[in-house]
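Listed below are the residues making up each chain.
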Amino acid sequence: MNAIIFSALWGVILMLAGVFIKNKTSIRYLAIIGAALLILADVFELYHPETPIFHIDARNMLSFNVFGLEMNAIAFISTLLYFLLSSKDIEKVGSNVAEYFALIFFVLCGVAIVTSYSNLLMLFLGIEILSIPLFILTGSSKKNLKSNEASLKYFLMGAFSTGILLLGIAFLYGASKNGSFLIEDIGAGKNTPSPLMITGILLLAFSLSFKVSAAPFHFWTPDVYDGSPTVFTSFMATVVKGAAFVAFIRIFSNAFGDLQSKWELIIAIITASTLIIGNVTAVFQQSVKRMLAYSSIAQVGFMLFSILGLKFINTAQEGIALYITAYSLATVGLFAVLTKMNDHSLEGFNGLAKKQPLIAATSTVFLLSLAGIPLTAGFFAKYYMISAVMQLGKFYWLIILSLVCAAISVYYYFRIIQAMYFKEGAGTEVQFSELSPTFEALLVLVSAAIIVLGIKPDLLTNWLNLIYF
Amino acid sequence: MPINYYIFLSVALFCIGVAGVLTRRNAIIIFMCVELMLNAVNLLLVAFSKMHHVALYKINPEAGINGQIFVFFIMVVAAAEVSVGLAIIVMMYRNTHSVDVNFLNRLKH
Numbered sequence: 001m002n003a004i005i006f007s008a009l010w011g012v013i014l015m016l017a018g019v020f021i022k023n024k025t026s027i028r029y030l031a032i033i034g035a036a037l038l039i040l041a042d043v044f045e046l047y048h049p050e051t052p053i054f055h056i057d058a059r060n061m062l063s064f065n066v067f068g069l070e071m072n073a074i075a076f077i078s079t080l081l082y083f084l085l086s087s088k089d090i091e092k093v094g095s096n097v098a099e100y101f102a103l104i105f106f107v108l109c110g111v112a113i114v115t116s117y118s119n120l121l122m123l124f125l126g127i128e129i130l131s132i133p134l135f136i137l138t139g140s141s142k143k144n145l146k147s148n149e150a151s152l153k154y155f156l157m158g159a160f161s162t163g164i165l166l167l168g169i170a171f172l173y174g175a176s177k178n179g180s181f182l183i184e185d186i187g188a189g190k191n192t193p194s195p196l197m198i199t200g201i202l203l204l205a206f207s208l209s210f211k212v213s214a215a216p217f218h219f220w221t222p223d224v225y226d227g228s229p230t231v232f233t234s235f236m237a238t239v240v241k242g243a244a245f246v247a248f249i250r251i252f253s254n255a256f257g258d259l260q261s262k263w264e265l266i267i268a269i270i271t272a273s274t275l276i277i278g279n280v281t282a283v284f285q286q287s288v289k290r291m292l293a294y295s296s297i298a299q300v301g302f303m304l305f306s307i308l309g310l311k312f313i314n315t316a317q318e319g320i321a322l323y324i325t326a327y328s329l330a331t332v333g334l335f336a337v338l339t340k341m342n343d344h345s346l347e348g349f350n351g352l353a354k355k356q357p358l359i360a361a362t363s364t365v366f367l368l369s370l371a372g373i374p375l376t377a378g379f380f381a382k383y384y385m386i387s388a389v390m391q392l393g394k395f396y397w398l399i400i401l402s403l404v405c406a407a408i409s410v411y412y413y414f415r416i417i418q419a420m421y422f423k424e425g426a427g428t429e430v431q432f433s434e435l436s437p438t439f440e441a442l443l444v445l446v447s448a449a450i451i452v453l454g455i456k457p458d459l460l461t462n463w464l465n466l467i468y469f
Numbered sequence: 001m002p003i004n005y006y007i008f009l010s011v012a013l014f015c016i017g018v019a020g021v022l023t024r025r026n027a028i029i030i031f032m033c034v035e036l037m038l039n040a041v042n043l044l045l046v047a048f049s050k051m052h053h054v055a056l057y058k059i060n061p062e063a064g065i066n067g068q069i070f071v072f073f074i075m076v077v078a079a080a081e082v083s084v085g086l087a088i089i090v091m092m093y094r095n096t097h098s099v100d101v102n103f104l105n106r107l108k109h
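As they're listed, the protein sequences go chains A and B. Every letter in the first sequence is one number past the one before it in the working numbering, and letter 406, counting from 1, is 406. Every letter in the second sequence is one number past the one before it in the working numbering, and letter 93, counting from 1, is 93.
Because the hints were derived from the structure by calculation, they are not lab data. Careful, some of the hints might be misleading.
Under the rule of at most 25 angstroms between Cα atoms (straight-line distance), these lysine-lysine pairs were calculated in the DSS-like manner [as the list claims (entries may be wrong)]:
id	chain 1	residue 1	chain 2	residue 2
1	A	Lys-24	A	Lys-88
2	A	Lys-142	A	Lys-289
3	B	Lys-50	A	Lys-177
4	A	Lys-88	A	Lys-142
5	A	Lys-92	A	Lys-22
6	A	Lys-177	B	Lys-58
Example chain A residues on the side facing chain B (calculated, C-beta under 10 angstroms, incomplete) [as the list claims (entries may be wrong)]:
id	residue
7	Leu-120
8	Ser-151
9	Lys-153
10	Gly-158
11	Leu-196
This structure is a prediction, so every number in the text was calculated from the model and none was measured. No residue lacks a Cβ here, since even glycine has one placed at the ideal position from N, Cα and C.
Next comes chain B alone, as it looks inside the complex (with noise of 0.2 angstroms):
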């Protein structure tokens, strides 16, 4: 397959993973989408891998797999973010009983 196709896949799904960044109100949401966002770039970033080592393996038998190695980096470096994340969502809950982003409105005087 053109590496054009999974250009448009992966960019739809990070544009579906914007647009809920940007309309969602609730933060558990938002933070599914951002994830929606990192995994868009996994895809990408794998197909780019595969379209590399094609091109290159005659040269380099090992073209192409560092984009695959980034995957892995993303990958661990999220689950990092999301461990953060979910801690300062349950903090936000115990306060106000609500994970809604609508709260979020006493820094705006």
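Chain A on its own, in the form it takes in the complex (with noise of 0.2 angstroms):
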């Protein structure tokens, strides 16, 4: 709860802000600060659960357990890793940079919502304050048509998911036996689920499917991506699309757990059409902006995983919460580079070791871990993912396809590498806009705890293992 309140309050502070202070480094200041903040209260809240700071009755409408406190933590930390070392970029979009910093609040106020409901009105309340928000900061850059074209696309795209996630909630609620929409109430009635039911389910399953941008309902996610400011897509990419995630497993685990039976082999076919649609089309895109697009359509298939691997809860968090980290963390690293460099293409990154070895040698990390290449996070991720499937004992095609897709996927990463470190630069035009010695740091940071995950990856997982005394 006290996330929620605390990003939304910091949100309207900021938009305020934006009327009386006019200077735009103090705004950004202030922006950090509530980030880390609100990492603060929402680790407070995970050690000191009987003592909230807005003591608020939510009835039943939330319950708040360790796995999705923590699931906002990495979030949190995220997104203040990514005002740490993108903020600057934000305030050359545009001249609103108040509200761009109050809305990225008030995202993560839905953030907040959608790894915490246990209603399905408040999942529904959650995917709204996470996307309406975002529909704005895509369209950011106003006199740009790409970002006009993303933001309407994204705009329409969504509006049309939520129509299906709507329909789709009152199809279970029809189908409830007492008329409530808690999601331990809508899978009641297990044995036999009526065709109402597994209707429910599976429009929630694609409108969900939507939000995370898994094929066959990808294709807004190239486009939008790619049309939005560099910055934005930054955040929709990593702390967006994991909270997603998130809404996605925990209704799944909680309600729909003992119907794995019916829906299970619609999931396997949606991840294996992700996998395969994810990484082909990536081999393609000369624009490396646009293939870090496609690889984020690629990298969930392998967090679908853990929607597989649900029976065995414990392996699925604690694979989901390494892969989202692994993500995470990665992108915004890869990301905050991309966002300082003038030309996007592949030839953009050509000799870019000898110029600056210390961004080459840390984005080569970032390509590594998403490459899931060991002794960095990224592998440790996919091999939580794997086993939990494996326990399973079914779908072993689909472990053989992801191992395949694996494959390719170091082929499309490594080409980046590779133009760093093999290729002669164009020479004289400068690649980088400034760059202060904060930036460098932050990027050392940030690949030091990719290769720390990488070797102890039980730092984290142990954590959601937290049993209080």
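Bring the two chains, given one by one in their own frames, into a single complex with the hints.
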């Protein structure tokens, strides 16, 4: 509850600050302080659940557990890193800096709701609070036609998938025995689910696949990620995607866990097509930004493994926490580098190692982690995901397919590394706008975190088994 | 009336909305079709709410009321979405002098 109230309040404070404070730098510091306080408030609730700062009776609408609060913490830490790395670039998008930060805090409010809902109403509200500010952020570069187009596309697709989500919720409500939206109740009557209920589950699965951009509902992703300002793409691809995934897991484990035999084949097909489409299309991209969009689709394919492995909830939860952390850290870092570059095509990376050896080295760590090479966090993330499905004893074809796709992904990630280290740069033009020492130090910090998690993943996974004492 | 009639009516309205979103080219009309989808769901929720109320009111006099509350939330969120969506459409109209989604092909290359 702390995080929900606090992020919404801080968003309002930032919006008012936009009226009174004209200095962009102080607004930026205000946002960074807000993100840090948000992490503190969330972690405080994690360790002291009996004494919340804001005492509000949620009347069964929300229930806070360790997993949800820790996914919040991961999202907020990624946001803090994102602010520290790229908040200077947010200032360059347009003149309404305070509003951009305020909208990001409203998105974080949605994140905190979707990680801890226990009622379908809160799922719907959380998803909407998550998406509506994003429509605005996507279109924030008002004179840029690509940004306009991306925001309109995102908006229409988002509203469409909300409609599907709502039809699914209505069906589940109709099928529930006692007319309730609680997620423990809608799964009741488990032995013989009615056709209405199966349809509801499928519609919910489709619309959440839209939100996490799983194939065949991914078609908006490359356009939106490519068209929106690069700083906001970074935020969308990490924090928001992770939160939508937690919403997906929460409903499938708490409500539909016992009906797994009914939906597992559909989820397996969605996973397989996401892996194939994401990885194969990424190979053909010339722009790094667009390639990262397809790579984010491909990573969703692996994250979907956790839904299939939900019977083994511990492995699935540890896996998804590790995966979202590894993916968010690497993607935030890579996008921060990309934002500073003038040329987003693959050629823009040519000869980067000679000019900026530190940036090239850290980017290499990020790319290795995304590809899942051992000694980086990405390796154990993929390992946990695959082991969750292995324990299920089914879908071996999916595991083989995912290994093949991981091999394909190595090709397109290593193309950037090759461009940085083994190709000659064009020479004269300045590749980087101003670089501060703090920026470089932060990149080193993020890549160090990725390597530490790659050597000792239990630092994170043990945290999930936290027991109150 | 049996509940099935309401389900068929709502699903039919919903499908009209989906077909409109998929085939129409004018952004405003696509938008109206999305609203049609949301309102079909509202109708369905009210029908189910009544169904649950009739089935359960002896045990719990407030049974089924939450479905109607949900409808209010959908209406409020849809209004918020409309305000953002129309702003985006106006922004696009200022730049391209058209609201035709066929203009939206700059990113496909």
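Handout entry: Hints the structure fails to honour
Key = none
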